[in-house]
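> Use the sequences and the hints to build the structure in full.
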Amino acid sequence: MALSFDSVNKPENIDAKDWFNWTWQMKNGPKNRAEFSRYIELTKDESSYFDSDNEIFKSRGTPYYMSIAAKNEAVRKIIVPRVNEFKSGNQEMKDPLGEEMHSPTARIVHRYPDRVLFLATDICSVYCRYCTRKYFTGNDQALINTEEYEMALTYIKSHPEIKEVILSGGDPLTLSDKVLFRILKDLRSINHIEIIRVGTRMPVVNPMRITNELALGIREYGPVFLMTHFNHPKELTLESSEALSKIVDHGIPAFNQMVFLNGVNNHTAIVKALSRQLLFLRVKPYYMFQCDPSMGTDHLRTSIEESEAIQKELWGKLSGLAMPNLSIDIPNGGGKVGIVPNFEITREDGKRIYRGWDGKKGEYINPPTFQHELPPDFSEYL
2 MALSFDSVNK
12 PENIDAKDWF
22 NWTWQMKNGP
32 KNRAEFSRYI
42 ELTKDESSYF
52 DSDNEIFKSR
62 GTPYYMSIAA
72 KNEAVRKIIV
82 PRVNEFKSGN
92 QEMKDPLGEE
102 MHSPTARIVH
112 RYPDRVLFLA
122 TDICSVYCRY
132 CTRKYFTGND
142 QALINTEEYE
152 MALTYIKSHP
162 EIKEVILSGG
172 DPLTLSDKVL
182 FRILKDLRSI
192 NHIEIIRVGT
202 RMPVVNPMRI
212 TNELALGIRE
222 YGPVFLMTHF
232 NHPKELTLES
242 SEALSKIVDH
252 GIPAFNQMVF
262 LNGVNNHTAI
272 VKALSRQLLF
282 LRVKPYYMFQ
292 CDPSMGTDHL
302 RTSIEESEAI
312 QKELWGKLSG
322 LAMPNLSIDI
332 PNGGGKVGIV
342 PNFEITREDG
352 KRIYRGWDGK
362 KGEYINPPTF
372 QHELPPDFSE
382 YL
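Numbers 2 to 383, taken from this note's numbering, label the letters of the sequence shown in order.
Don't take every hint at face value.
[Claimed, not checked] Capping the alpha-carbon separation at 25 Å, the derived lysine-lysine pairs in DSS-like fashion look like this:
{"no.": "1", "residue 1": "273", "residue 2": "235"}
{"no.": "2", "residue 1": "362", "residue 2": "313"}
{"no.": "3", "residue 1": "337", "residue 2": "361"}
{"no.": "4", "residue 1": "45", "residue 2": "18"}
{"no.": "5", "residue 1": "235", "residue 2": "285"}
{"no.": "6", "residue 1": "337", "residue 2": "273"}
[Stated by the list, open to error] Cβ-Cβ distance ranges computed for the label pairs, FRET-style:
{"no.": "7", "residue 1": "106", "residue 2": "5", "range": "45 to 51 Å"}
{"no.": "8", "residue 1": "353", "residue 2": "7", "range": "44 to 50 Å"}
{"no.": "9", "residue 1": "310", "residue 2": "246", "range": "29 to 35 Å"}
{"no.": "10", "residue 1": "19", "residue 2": "106", "range": "36 to 42 Å"}
{"no.": "11", "residue 1": "165", "residue 2": "95", "range": "22 to 28 Å"}
{"no.": "12", "residue 1": "351", "residue 2": "305", "range": "31 to 37 Å"}
{"no.": "13", "residue 1": "56", "residue 2": "224", "range": "24 to 30 Å"}
The set of hints was computed from the structure by calculation and includes no laboratory data.
The beta carbon of each residue, even a glycine, is placed where N, CA and C say it ideally should be.
Right, here's the structure in full:
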């Protein structure tokens, strides 16, 4: 039986032409206590957050996404601030990925040899409470200025080892088609750039942004890969599923990056359902990230042990196509490291013994001693 997805009902007092307009969604979302209260009855912990003059991170939503949050407690934790954000723990950081120390010029983060992060805007449709880029996002810098833009392009052009640009922010799809296409065109004109990624949460929080015109424009500058960011099955609605279909129907590969969040998706059944539904929509579940220790996130972070346990429980019970990679970003700019279950029991004299996902044991024995040979054409690829 095919999977189905529920529609987010438009409120009766809102005109359809407004509701389905992505810019209207951005302009009319809640940003303070009074505006959030129009969508949900705030708890004491939620309301108390707005009493403080020392805001950790701005608050912002879209009417569409707030309609989901109003009916689902897990999604609500993603978007509605709580007083727990002021309870700092033992490792909370302003810039947990160490991006500022790896920024050779404004708006560029060059952490890995062959790829860079290009921060085109600091604006998002919503401000997720676990955001890892609080040092930058929501600081009203909006679109990159001309001088910084030219400096960023010059840096990329002057480093031929860069093969991939990850367009991020903020959310680059908050930019107009005209501006976004100009950036893609300029990046594609650089001969040594092979791949462009666009990281966005718009299909999740403002799916009205995904139009046929947008998808056609992105495809023109391909190969472009779209990196989505669904965290919970309730975020997959009829509207978001239609947005994802427009993306992949235009030949744009789509991948999802989930973040483990306490009380949101830290259960095997939740991750399994999300992964299967995404795969059904032709979106590859790519990563499940350990939540970064950014400011105000201690109450949202899971333990590494819990994340590992969920991964191991899914191993062998979830299609390889639907299985995301568990990864952690080493704080202070250490980069990503993959975490995989250890099924090895022993190793000795060229033999290894493993216990599979279902508990069965087996051994793998290396071939007999032989003369090692390299592929004859390997030098062509150096």
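> Would you say the C-beta atoms of residue 310 and residue 246 sit inside 29 to 35 Å of each other?
With Cβ atoms ~34 Å apart, the hint holds.
> Can you let me know if the beta-carbon spacing of residue 19 and residue 106 is within 36 to 42 Å?
With Cβ atoms ~40 Å apart, the hint holds.
> Are the Cα atoms of residue 337 and residue 361 separated by 25 Å or less?
Roughly 31 Å separates the two Cα atoms, so the pair is violated.
> Given the proposed pairing of residue 45 with residue 18, does the C-alpha separation stay at or below 25 Å?
violated, 35 Å
> So does residue 56 sit 24 to 30 Å from residue 224, Cβ to Cβ?
violated, 40 Å
> Could you check the hint for me, namely that residue 106 and residue 5 are 45 to 51 Å apart, CB to CB?
holds, 48 Å
> Holds or violated: 22 to 28 Å for the Cβ distance of residue 165 and residue 95?
holds, 27 Å
> Just to be careful, I want the Cα atoms of residue 337 and residue 273 compared with a cutoff of 25 Å; is the pair within it?
The given pair, whose Cα atoms are some 23 Å apart, holds under the 25 Å limit.
> Determine whether the Cβ-Cβ distance between residue 351 and residue 305 falls within the hinted range of 31 to 37 Å.
Taking Cβ atoms as reference, residue 351 and residue 305 lie about 32 Å apart, which means the hint holds.
> Measure nothing beyond the straight line between the CA atoms of residue 362 and residue 313; if it is 25 Å or shorter, mark the hint as holding.
Holds, at about 16 Å.
> So if I understand the rule, the pair passes when the alpha-carbon distance is 25 Å or less; does residue 235 with residue 285 pass?
With Cα atoms ~18 Å apart, residue 235 and residue 285 stay inside 25 Å; holds.
> A range of 44 to 50 Å was offered for this pair. Does it hold for the Cβ distance of residue 353 and residue 7?
holds, 47 Å
The structure does not agree with the numbered hints 3, 4, 13 stated previously, though it agrees with the rest.
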